[in-house]
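Number of protein chains: 2
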Amino acid sequence: MRSSATDALRIDGPRLWQRLMMLAEIGATPKGGVCRLALSELDRQGRALVVGWARQAGMTVAVDQIGNVFLRRMGRDPTLPPIVSGSHLDTQPTGGKFDGNYGVLAALEVVETLNDAGVRTEAPIEIAIWTNEEGSRFVPVMMGSGVFAGAIPLAHAWAARDTEGRSVKDELARIGYLGTQVPGDHPMGAYFEAHIEQGPVLEQEETTIGVVLGTLGVRWFDCIVTGMEAHAGPTPMAMRQDALQIAARLMLEVVAIAGRHPPHGRGTVGMVQVHPNSRNVIPGQVKFSIDLRNHTDALLDAMAKDIRETAAALSETSGLPIQLEPVSSYPAQPFAPSCIDAVERAARALGLSHRRMISGAGHDAVYTARVTPTGMIFIPCKDGISHNEIEDAAPADVEAGCNVLLQVMLECAGLAA
Amino acid sequence: MRSSATDALRIDGPRLWQRLMMLAEIGATPKGGVCRLALSELDRQGRALVVGWARQAGMTVAVDQIGNVFLRRMGRDPTLPPIVSGSHLDTQPTGGKFDGNYGVLAALEVVETLNDAGVRTEAPIEIAIWTNEEGSRFVPVMMGSGVFAGAIPLAHAWAARDTEGRSVKDELARIGYLGTQVPGDHPMGAYFEAHIEQGPVLEQEETTIGVVLGTLGVRWFDCIVTGMEAHAGPTPMAMRQDALQIAARLMLEVVAIAGRHPPHGRGTVGMVQVHPNSRNVIPGQVKFSIDLRNHTDALLDAMAKDIRETAAALSETSGLPIQLEPVSSYPAQPFAPSCIDAVERAARALGLSHRRMISGAGHDAVYTARVTPTGMIFIPCKDGISHNEIEDAAPADVEAGCNVLLQVMLECAGLAA
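Going down the list, the sequences are from chains G and C. Taking the numbering used here, the leading residue of the first sequence gets 12, the next gets one more, and so forth. Taking the numbering used here, the leading residue of the second sequence gets 12, the next gets one more, and so forth.
Careful: at least some of the hints might be erroneous.
Claimed, not checked - Label pairs and their in silico Cβ distance ranges:
{"#": "1", "chain 1": "G", "residue 1": "Ala407", "chain 2": "C", "residue 2": "Glu175", "range": "55 to 65 Å"}
{"#": "2", "chain 1": "G", "residue 1": "Ala323", "chain 2": "C", "residue 2": "Ala19", "range": "56 to 66 Å"}
{"#": "3", "chain 1": "C", "residue 1": "Pro332", "chain 2": "G", "residue 2": "Gly129", "range": "50 to 60 Å"}
{"#": "4", "chain 1": "C", "residue 1": "Thr307", "chain 2": "G", "residue 2": "Thr328", "range": "31 to 41 Å"}
{"#": "5", "chain 1": "C", "residue 1": "Ala267", "chain 2": "G", "residue 2": "Gly270", "range": "45 to 55 Å"}
{"#": "6", "chain 1": "C", "residue 1": "Gln284", "chain 2": "G", "residue 2": "Ala166", "range": "51 to 61 Å"}
{"#": "7", "chain 1": "C", "residue 1": "Asp403", "chain 2": "G", "residue 2": "Ala166", "range": "50 to 60 Å"}
Stated by the list, open to error - Okay, the calculated bits of chain G under chain C, using three or more residues with CB under 8 Å as the criterion:
{"#": "8", "segment": "186-200"}
{"#": "9", "segment": "245-251"}
Claimed, not checked - Among chain C residues calculated to face chain G with C-beta under 8 Å, some are:
{"#": "10", "residue": "Ala259"}
{"#": "11", "residue": "Ala269"}
{"#": "12", "residue": "Gly270"}
{"#": "13", "residue": "Ile401"}
Simulated from the structure, these hints should not be mistaken for lab results. In this text, a Cβ means the ideal position worked out from N, Cα and C, and glycines have one as well.
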């Protein structure tokens with residue numbers, strides 16, 4: 012049920028922006044970014060600030076055993092599952108003000124707007140704050156939503172330790188977020204997450220809203236090429252077993268393979284280690300990472316097969332052993348058509364430029380999509396940069412994305428009769 | 012003047028081998044190598060052992076201001092400049108038993124053999140022990156011979172410091188090798204150096220003696236390709252500025268350029284640094300080393316021009332800035348035809364398999380060649396490996412190279428009437 016009154020409802024952009032800037036002071040870095048590692052004292056302070064605002068807005072608080080926080084605004088019908096929106100408050104060590112934080116505060120701004128307008132929804136509305144999305148201090152990444160969705164065992168997550176040996180469970184207890192609710196034992200009607208794009212597409216195309224269709228699947232490999240280290244001077248070219256020369260050809264192939272699997276195929280070599288890495292020594296071994304992405308698992312399988320065959324052929328012709336070791340993989344995750352359509356409808360109704368797109372990065376929404384209908388709303392970020400202290404977004408886009416979220420939440424939660 | 016008696020003279024292979032093994036105990040590493048850094052306490056012990064043997068063999072000792080040691084066996088005519096042979100006693104941190112050490116002890120073995128046979132030469136014979144050839148603890152490399160030849164100013168060499176801040180001059184004084192002779196103020200009639208090949212050619216061709224024509228010139232560059240770091244997931248292939256993809260193409264070109272300048276052209280990329288070197292981040296900058304070698308400076312110039320033009324073209328087509336910064340260069344150094352011929356004659360007379368070849372690595376002989384007629388004698392080393400604890404050479408080859416040196420020294424010093 013909708014009404015022309017709620018169709019005209021708009022969030023308070025300056026309030027949302029002000030809260031983003033206040034939250035960014037917790038863990039603020041000299042270069043304008045934020046360092047608020049998961050389950051640190053600063054994470055506790057960030058959570059306390061947001062939970063405090065939510066309490067002032069009349070919301071109740073529940074915490075599960077992995078520290079996920081659910082802030083609830085009651086609906087008319089307490090038997091309906093809540094319509095949930097949120098993201099995470101932890102950041103990278105040199106993170107920005109928007110990644111995750113925007114999704115949480117946009118959800119809070121939706122609630123504030125409904126409160127201000129005296130709008131009552133049929134279903135409850137909840138804000139989710141997921142624990143340790145970034146994975147900087149504790150691996151795996153997207154830990155809270157992963158445990159919630161049953162993808163990561165609670166015991167495994169609890170046992171994860173940071174470089175100083177402190178466990179997730181101990182740190183949850185220390186900061187007061189070791190809750191009692193069993194993760195996942197928390198029905199949801201739908202989940203939406205507003206997020207900066209973390210890529211350049213919206214900005215370059217001057218489009219305000221990204222209607223996210225799902226996330227790319229990922230296959231990570233380590234590739235090790237073994238040659239024979241030797242002096243650069245006395246070793247004639249024909250007698251060399253130069254591991255880097257073979258590795259470089261494979262590095263070019265990683266990108267070529269992405270081009271052979273359009274339009275969403277992506278291939279990246281991000282990390283290279285050369286041994287012994289000395290100016291006048293022919294490299295004896297080169298290890299490098301391979302990151303392959305695509306929007307269906309079948310295409311990912313094809314890309315993985317392609318790199319395996321290319322490596323095998325190159326090993327055959329060069330005589331150098333090439334190992335290709337799987338490191339980890341994430342399946343492609345499509346979002347619910349009903350949620351995708353709802354986001355698109357809202358953007359259109361608001362007169363905002365929008366386009367359908369795939370998310371190349373992982374988000375908590377990837378895991379919620381396994382257990383509840385899920386959608387995402389992207390807004391542009393400056394130069395496509397994130398995970399960086401210079402991460403930035405325009406106030407108008409921040410506001411626009413939140414208005415889309417408001418309409419989507421209203422549509423899904425329904426107006427109380 | 013030669014005689015059938017001296018033509019039949021042979022060095023004492025087991026004695027030479029035993030001394031190599033004794034010397035290798037000073038700084039011996041658990042893996043069978045040697046760590047005897049220049050001007051360390053172990054360097055002092057190594058020098059003391061060899062100088063002690065030389066004194067027992069009746070030789071006099073002179074030390075210059077950069078710590079080069081000249082051990083002299085008198086000839087009949089004290090006005091003739093000495094015929095000199097030697098090398099260095101310092102090693103790499105994980106060096107072997109033969110590099111440098113062989114050249115010094117082979118020269119000593121020549122003297123012992125002449126003493127045993129009661130052979131008197133016309134000109135004096137000297138053993139040179141050059142300071143800090145390796146350059147591991149103090150740069151530049153080949154310091155002692157470089158100062159001797161006037162290529163490195165004494166004050167510059169004295170001022171060089173190790174990572175703990177200790178200077179060459181202080182360390183020379185501490186180990187008792189800050190001599191008074193002005194470097195270079197020491198005439199030589201000729202200089203010969205016996206050395207392991209440090210490459211695979213002799214071993215693979217089953218040849219015992221390398222008649223060295225000179226050394227390859229070297230040009231070192233640092234290449235920096237600057238792209239834009241970005242998330243591997245959300246950044247479509249067409250919007251990337253992947254520094255590693257362009258760098259990899261240039262790395263392949265470094266080797267291709269060597270192939271375009273045969274037969275002695277060599278091209279090596281030994282060192283690579285990727286920034287930020289993270290698995291899921293498109294590299295924003297890649298820095299790598301370029302090592303180009305050839306046997307004439309004109310060919311080196313052509314290779315350097317080739318890599319500059321290739322980099323410029325690649326920068327043009329990719330739009331990514333590519334910097335090519337000269338790091339250092341060494342000119343190609345041909346040896347004296349008279350010395351080359353003498354080595355070849357001796358190998359032939361001894362019935363040893365031999366071939367003419369270029370040295371790809373630097374040696375003290377590169378600097379002596381600037382001030383006196385110079386030649387080198389190479390022997391095979393196992394798998395072409397040096398600067399490594401597993402560096403090895405066969406006793407028969409060690410002996411053969413020393414016999415060639417004996418004949419060459421005899422020919423140049425002449426038999427006393």
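Evaluation of the provided hints:
| no. | hint | verdict |
| --- | --- | --- |
| 1 | G:Ala407 <-> C:Glu175: 55 to 65 Å | 58 Å, holds |
| 2 | G:Ala323 <-> C:Ala19: 56 to 66 Å | 59 Å, holds |
| 3 | C:Pro332 <-> G:Gly129: 50 to 60 Å | 58 Å, holds |
| 4 | C:Thr307 <-> G:Thr328: 31 to 41 Å | 33 Å, holds |
| 5 | C:Ala267 <-> G:Gly270: 45 to 55 Å | 23 Å, violated |
| 6 | C:Gln284 <-> G:Ala166: 51 to 61 Å | 40 Å, violated |
| 7 | C:Asp403 <-> G:Ala166: 50 to 60 Å | 53 Å, holds |
| 8 | 186-200 | violated (count 0) |
| 9 | 245-251 | holds (count 5) |
| 10 | Ala259 | 4 Å, holds |
| 11 | Ala269 | 5 Å, holds |
| 12 | Gly270 | 7 Å, holds |
| 13 | Ile401 | 11 Å, violated |
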